[in-house]
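There are 4 protein chains.
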Amino acid sequence: MAGSKFAYVRNFELPDPLLPGAFMILRLDGHAFHRLSSEHDFTKPNDERALQLMDHAARGVMNEFKDIVLAFGESDEYSFLFRKLSNVYNRRQAKILTTVTSMFTSSYVYHWPQYLPDTPLKYPPSFDGRIVLYPSAKEVRDYFAWRQADTHINNLYNTTFWALVLQGGETTTQAHETLKGTVSKDKHEMLFSRFSINYNLLPARYRKGSILIREPIPPAAQAHSESAIVSPDVSTAEVQAASTPALKPEKKARVKTTVILAHCDIIGDEFWASREYLLAD
Amino acid sequence: MAGSKFAYVRNFELPDPLLPGAFMILRLDGHAFHRLSSEHDFTKPNDERALQLMDHAARGVMNEFKDIVLAFGESDEYSFLFRKLSNVYNRRQAKILTTVTSMFTSSYVYHWPQYLPDTPLKYPPSFDGRIVLYPSAKEVRDYFAWRQADTHINNLYNTTFWALVLQGGETTTQAHETLKGTVSKDKHEMLFSRFSINYNLLPARYRKGSILIREPIPPAAQAHSESAIVSPDVSTAEVQAASTPALKPEKKARVKTTVILAHCDIIGDEFWASREYLLAD
Amino acid sequence: MAGSKFAYVRNFELPDPLLPGAFMILRLDGHAFHRLSSEHDFTKPNDERALQLMDHAARGVMNEFKDIVLAFGESDEYSFLFRKLSNVYNRRQAKILTTVTSMFTSSYVYHWPQYLPDTPLKYPPSFDGRIVLYPSAKEVRDYFAWRQADTHINNLYNTTFWALVLQGGETTTQAHETLKGTVSKDKHEMLFSRFSINYNLLPARYRKGSILIREPIPPAAQAHSESAIVSPDVSTAEVQAASTPALKPEKKARVKTTVILAHCDIIGDEFWASREYLLAD
Amino acid sequence: MAGSKFAYVRNFELPDPLLPGAFMILRLDGHAFHRLSSEHDFTKPNDERALQLMDHAARGVMNEFKDIVLAFGESDEYSFLFRKLSNVYNRRQAKILTTVTSMFTSSYVYHWPQYLPDTPLKYPPSFDGRIVLYPSAKEVRDYFAWRQADTHINNLYNTTFWALVLQGGETTTQAHETLKGTVSKDKHEMLFSRFSINYNLLPARYRKGSILIREPIPPAAQAHSESAIVSPDVSTAEVQAASTPALKPEKKARVKTTVILAHCDIIGDEFWASREYLLAD
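Chains as they are written, first to last, in the UniProt record's numbering: chain H, 1 to 281; chain W, 1 to 281; chain Z, 1 to 281; chain L, 1 to 281.
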């Protein structure tokens, strides 16, 4: 074959398998989203449409990768947890990492007009990604707690900051100055006393982030097909329209799963105790 | 800080620097493009619009990454060569790999309507990617020769195959059968004798693939600003509208560069001899 | 400094940290020990002196690396388990791997005359090594079960093989032929009926391999200083002469530890149930 | 087989191939040699016997690994260069790294009595090692220049330091103080004026380090068998007693090689210009 004398260059492609038996978490971050949000006039401190678009893109990834059992999104980032024993693409790092990143990006651009119909996308946005391995369930829980705590801290800050600017008439410089050295309690009080905002009544989406959970559809529910599956501790949940086959494609009867969106607490025990399968083998 | 007791999970993010001094080639491949081309009725054996869209997306990547000095595209794949001493993102593998993959994908989706205005995109397409390191210039040349030889082989086969099907009235099964065991010369003759097609007169884009070359703009040309820079061996070239600053951002005066599209031979010596800077330090 | 213009070559030394929170097992294997055992007339099927030398070298490694909590040896190989949260050498792979391999080798050569006083070492023997990461305790237990099952299989085969040769007068070719297709039970019977050997009464060292266990010295025992610490399920145990400080060098009072040699079962639950600290955080 | 239910643990052994086509340099460093030299009364500033032992151990490694074409030693470290296209052990990193480290260590301990017959080794010494990849010949040259420049700097300092202490009667603290802020020229003068030592007349071994070079034996020389091969720029050379087969084991007639010890300059061009094969493909 004509190409054969050059084909030796393939020998430079080295294997990159991820350690078996460890949990994979893949995190995506928006690239230069400060500019993106500013050029497209995202609402401050949160733009619900843009957040819903992120959730939609994440759900698209989960529809393709049945081994992703949980995802968490806030602002311009999203984290995906693969089930512990996933053997997707034989655990080849670059293959998994790039395919997920590409699918998410593609979905984000594709569905933009659906969520921001009056705001044409001015240029193609992008994301970067990484995979981090965690040996144990405890670390996985702490990872998600870390991201949700971050959501809380950022959102409380941003909410107060933009109240000072948009309602309080401060410049952004003044607002940063006003907030310097304040702790959580100070910001809660500032919001309440000066702007009559009860932080705890703000939408859970902003305070808790978005949690996408793959849940098995009980056989009964499957019979009724599209009925809603909402576990009681899920404060806000939307049911995915199309249920999807998944999780264990081996001979045994496939368990049908659906992907639920929630904005609930994932730092405490309750979330995990009622979903032990998320961290199981 | 609230998040600090969980922040230890960051310690699981391990460094992934690529070996300095080696050439990086990043190759993207379309994910399930057989289905994409079929669902969107791509012209057989080549859809010029879809190929131009690939070129556009690749050019977008090169506009962002000034350290990419050369790219080669065929069908649903694109390869990018970074200059040898590139220190982009401190050579962090996942960062480089995902950012490029994401930008390319985003651009592909974003610009689709411009190239296939009558064919709405039915769902978000995606790409996977990998980075391969090559220690020496010889291997880099052989890498690109490998891809261009592959383009030739595939295109000759596909051109003959679709002539048999579309003009010769064969089924796809029959056409595969007809071509079994044939060599290059047989296909050339078959094309010429049965379908009056002189393979060598077909568009260079199909036969040679797309080559995107970063070229320095000579100071004189810079003065005249947008004038075309076409080196004599470039059979087909389009000049990038906006020239871009680049390549060596250090104190010395930046050399302005432009990205040229060509469909020329890159297997022989001529291409490389006239562009030694591509493989230089 | 004179060397500074060349010092850039250090930038090619890339980091190689091992994933935190995963168990490290480092396994050493003798290099060309078939030749070594033959040139030094090792007793067949087991040479107790050579095995004791291996144990001595392994103990030397454990005296230097307090984070090694367990080791298993058979024939010309030894496996070392580091405690889960070990941060030895900041978990740099090459540093850990080469230092342990080198210490073991050095100790083996250094102590040879003590174990084989009448057999001068004819040339310097060597070992190779590797580190394997295991995310969970279960896999670590299965690793050691794998090695001990291997010990059993090899030893039963070798014992029968050499009985056939040395006592049965068969050639080595004949002995291999005799054993072809036999299962465990057949070999046990062959040993008993033809050679009056009750396999289960052979030394535990040969049947079970060597287990080196780091055990805490209870404060009481520490007071009495050198008294023997033997847990009841340890069939054969030798107490290390000098007790060694260890395990958690942080502020809290150091727990003194000692390294025990045993030749007991490590496949069943009992061994692990009575030593939960081996696999703890 | 009994072990088969546990054999899955082998799946955690991940591949670790080194990039093809890049030069491998493996560097060994003595572990805690400050203590070793002090406990065994090594002569200051250089102990010729200990250095010769290092050279012997390095030569032993080169006798086993025919793909090592050059080695450089100083003090308690040794660097080994593999020929560019070496495929030893399929370029598996841990295998190469540990085998070389182990062989060197073993040889060092084994041959100790031959070089320090009146100084029994008190305990087993050890080394650590690492492999660094270099894409090009220039970097390899600079690597060796870096080590030899380091030798020069250290030896000039140490020579002056110990002259001040042993001949000048200074304490070690005073000697460090005396040398603070001095440059090369100052030390040369101090040695000459105060101690009548012409630095440049000191043994080349101390000033230049030890260079082990694999050289082809010309067919003529092979006929005469053991005759000395000394190239003119090698200031001090000892010919290896036994010549060794090597370098290109493929079908072509094997070139016999011998390993030469020299203490010459390897920073300038001459050394490399007369031995182009060292850095060739």
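Keep in mind the hints are simulated off the structure, nothing from the lab. Misleading hints may appear alongside valid ones.
Copies of one chain are not kept apart here, so a pair can be met inside one copy or by any two copies together.
[As the list claims (entries may be wrong)] Derived DSS-like pairs: lysine-lysine, alpha-carbon spacing no greater than 30 angstroms straight-line: (1) Lys5 x Lys122; (2) Lys5 x Lys138; (3) Lys44 x Lys256; (4) Lys185 x Lys95; (5) Lys187 x Lys256; (6) Lys95 x Lys180; (7) Lys95 x Lys256.
All figures in this text were calculated on a predicted structure; none of them were measured in a lab.
Hints versus structure:
1. Lys5 x Lys122: neither (45 angstroms within a copy, 40 angstroms between copies)
2. Lys5 x Lys138: between (51 angstroms within a copy, 13 angstroms between copies)
3. Lys44 x Lys256: Classified as neither: same-chain Cα gap 39 angstroms, cross-chain 39 angstroms, threshold 30 angstroms.
4. Lys185 x Lys95: For lysine 185 and lysine 95, the Cα distance exceeds 30 angstroms both inside one copy (45 angstroms) and across copies (37 angstroms).
5. Lys187 x Lys256: The answer is neither: 45 angstroms in one copy and 50 angstroms across copies each exceed 30 angstroms.
6. Lys95 x Lys180: neither (44 angstroms within a copy, 33 angstroms between copies)
7. Lys95 x Lys256: For lysine 95 and lysine 256, the Cα distance is within 30 angstroms only inside one copy (26 angstroms; across copies 35 angstroms).
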